[in-house]
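Peer 1: As a plain string of letters, each chain reads:
Number of protein chains: 2
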Amino acid sequence: MKLSPDHRQALRDVLTWRRDVRHFKTDPIDAERLDRLRAAMDLAPSVGNARPWRVMQVQNPDKRAAIIADFEAANDEAASKYSGTKRDSYMALKLAGLREAPVHLAVFTEHEPDAGHGLGRQTMPEMLAYSTVAAIHTLWLAARADNIGMGWVSILNPASVHGILDAPATWSLTAYLCLGIAQDDNDTPLLHRKEWQENSPTRWRTV
Amino acid sequence: MKLSPDHRQALRDVLTWRRDVRHFKTDPIDAERLDRLRAAMDLAPSVGNARPWRVMQVQNPDKRAAIIADFEAANDEAASKYSGTKRDSYMALKLAGLREAPVHLAVFTEHEPDAGHGLGRQTMPEMLAYSTVAAIHTLWLAARADNIGMGWVSILNPASVHGILDAPATWSLTAYLCLGIAQDDNDTPLLHRKEWQENSPTRWRTV
Numbered sequence: 510m511k512l513s514p515d516h517r518q519a520l521r522d523v524l525t526w527r528r529d530v531r532h533f534k535t536d537p538i539d540a541e542r543l544d545r546l547r548a549a550m551d552l553a554p555s556v557g558n559a560r561p562w563r564v565m566q567v568q569n570p571d572k573r574a575a576i577i578a579d580f581e582a583a584n585d586e587a588a589s590k591y592s593g594t595k596r597d598s599y600m601a602l603k604l605a606g607l608r609e610a611p612v613h614l615a616v617f618t619e620h621e622p623d624a625g626h627g628l629g630r631q632t633m634p635e636m637l638a639y640s641t642v643a644a645i646h647t648l649w650l651a652a653r654a655d656n657i658g659m660g661w662v663s664i665l666n667p668a669s670v671h672g673i674l675d676a677p678a679t680w681s682l683t684a685y686l687c688l689g690i691a692q693d694d695n696d697t698p699l700l701h702r703k704e705w706q707e708n709s710p711t712r713w714r715t716v
Numbered sequence: 510m511k512l513s514p515d516h517r518q519a520l521r522d523v524l525t526w527r528r529d530v531r532h533f534k535t536d537p538i539d540a541e542r543l544d545r546l547r548a549a550m551d552l553a554p555s556v557g558n559a560r561p562w563r564v565m566q567v568q569n570p571d572k573r574a575a576i577i578a579d580f581e582a583a584n585d586e587a588a589s590k591y592s593g594t595k596r597d598s599y600m601a602l603k604l605a606g607l608r609e610a611p612v613h614l615a616v617f618t619e620h621e622p623d624a625g626h627g628l629g630r631q632t633m634p635e636m637l638a639y640s641t642v643a644a645i646h647t648l649w650l651a652a653r654a655d656n657i658g659m660g661w662v663s664i665l666n667p668a669s670v671h672g673i674l675d676a677p678a679t680w681s682l683t684a685y686l687c688l689g690i691a692q693d694d695n696d697t698p699l700l701h702r703k704e705w706q707e708n709s710p711t712r713w714r715t716v
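Chains as they are written, first to last, in my numbering: chain A, 510 to 716; chain B, 510 to 716.
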C-alpha cells in the first residue's frame, strides 16, 4: 500500500502534538477507547515477533497509594541531587499526574517469552525491553490521536513497583503510565516551556 | 489541538503497514527525504528532554563490509542454538537487508548527555536508551509514511559495531538500521507469514 502525503501530514500532527502530560482532568476513559489503545499496541514492532509487553491496569486504591508514596520518595531523593536555582526549578516542576489520572498502567517486559523463539536477541538481549518501549510509544501516539493524554513516570523504584503489584519473577517494569484527558494542550514540550531543557535539532554524522 | 478521526485512521494505516523490511531495492534515497526523517526523530519523547540519540550514517564500504561480517558471524552463532526443523526454518529466514539497503544508520545512545540535567533517570538510568528507542520507532513510522522501508538488525555484537565505527566511549549502540525502498509490501509481519511466530493479541490484567 502506497501511503499518501495526507498520511505523512497526519502522522506529523500526531507527533507534534504528543506531549508528556502531567496535568489531567479526572474524567474517566471508557473501556471501548482503552481497548482501541490496547489493540494499537499489538501493531508495534517486536524482536522475533515476541510481543513481550505485559500490561497491568492499576485500579486498587491501596496499590495506587503505595506507588504514589514510592514516587514521592524517589522524587525527594532526586531533588536532593540538585542545588541552588536548579533545585528550585526541579521543585517547581510537576513531574507526575498520578493523583488525578483516571487510568494507571504498569507496563512490564516478559524476559522469557515463548513467542519469538529467541530470534534476534542472542547478542542483544535488551531487544525485549526495547520492543516493549516501541509498544509504549505506539500506545502514546494512538492515545494522542484519540485525544487522550499520556505521561510516563520514571521517577520510581522499579523493584518496589514490581513488588507492590505482585508481578511474576520473569517480568521487569519498563514503564509506569498515566492516561486521561489533558487539562490543556500545547505543541511545545513542558520542559522546554519551563526552561528546564530546550529543544534542539540532532545532526547525523556520516562515516 | 483536537485531532480528528482522520488522524486516527491515518495513524492506524501507518502502524498497520509498517514492517521490518529485509528485502530492499538498491535505489538511493535522496537527501531531502532523509532529512525529513531526521527531523521527525526530533519529535520523539525523551527523558528530561535529553534527546540522547546519536546517529551515524554509514557509507564507507570497508565499514559496511566489517559490519556485514559481524552480522554473519552472529547469525551463524545464533543458528547453532536451534536444531531440527526450527534450525531449517531459521536458516531459511532472510534476517537482514544489509547488502542491498542504500542507507545504513547506526543509532547510539549518549549516556552522559548535557541535555536533560539528569531529570527522570536517577532510579531508571535505562530511560536514556529507551528514549533512543522511541526516536527509532518515530523514524520507522515517518519512513513508512514516506514509503521508505526500514529494518532493525539486532543480530550483531554491539561492542564490535562500536569499534568499527570508532564511536565515543560514552555512546552505546542501540540499533543498526537499514533503510530503502521495500521490494514489496504487506500488512502481515514476515515472521507471521513464514510461520516463525504468529501474531496474537495481548490482554491487559487489572489489579
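By construction, these hints were calculated from the structure, which means they are not laboratory data.
Since we're looking at a predicted model, the values are computed, not measured.
One or more of the hints may lead you astray.
Copies of the same chain look alike in the list, so a pair counts if it fits in one copy or across any two.
Said to hold, decoys possible - Below are the DSSO-like pairs computed for lysine-lysine, each with C-alpha atoms no more than 27 Å apart in a straight line:
id, residue 1, residue 2
1, Lys-511, Lys-595
2, Lys-511, Lys-703
3, Lys-511, Lys-590
4, Lys-603, Lys-590
5, Lys-534, Lys-572
6, Lys-511, Lys-603
7, Lys-534, Lys-511
8, Lys-703, Lys-572
9, Lys-534, Lys-590
Peer 1: Please go over all the hints and tell whether each is borne out by the structure.
Peer 2: Taking the hints in turn, this is what the structure says about them:
1. Lys-511 <-> Lys-595: This pair counts as neither: shortest intra-copy Cα distance 49 Å, inter-copy 34 Å.
2. Lys-511 <-> Lys-703: between (41 Å within a copy, 23 Å between copies)
3. Lys-511 <-> Lys-590: neither (51 Å within a copy, 38 Å between copies)
4. Lys-603 <-> Lys-590: within (17 Å within a copy, 49 Å between copies)
5. Lys-534 <-> Lys-572: Close inside one copy (21 Å), not across copies (52 Å); limit 27 Å.
6. Lys-511 <-> Lys-603: between (42 Å within a copy, 24 Å between copies)
7. Lys-534 <-> Lys-511: between (39 Å within a copy, 16 Å between copies)
8. Lys-703 <-> Lys-572: neither (31 Å within a copy, 43 Å between copies)
9. Lys-534 <-> Lys-590: neither (31 Å within a copy, 51 Å between copies)
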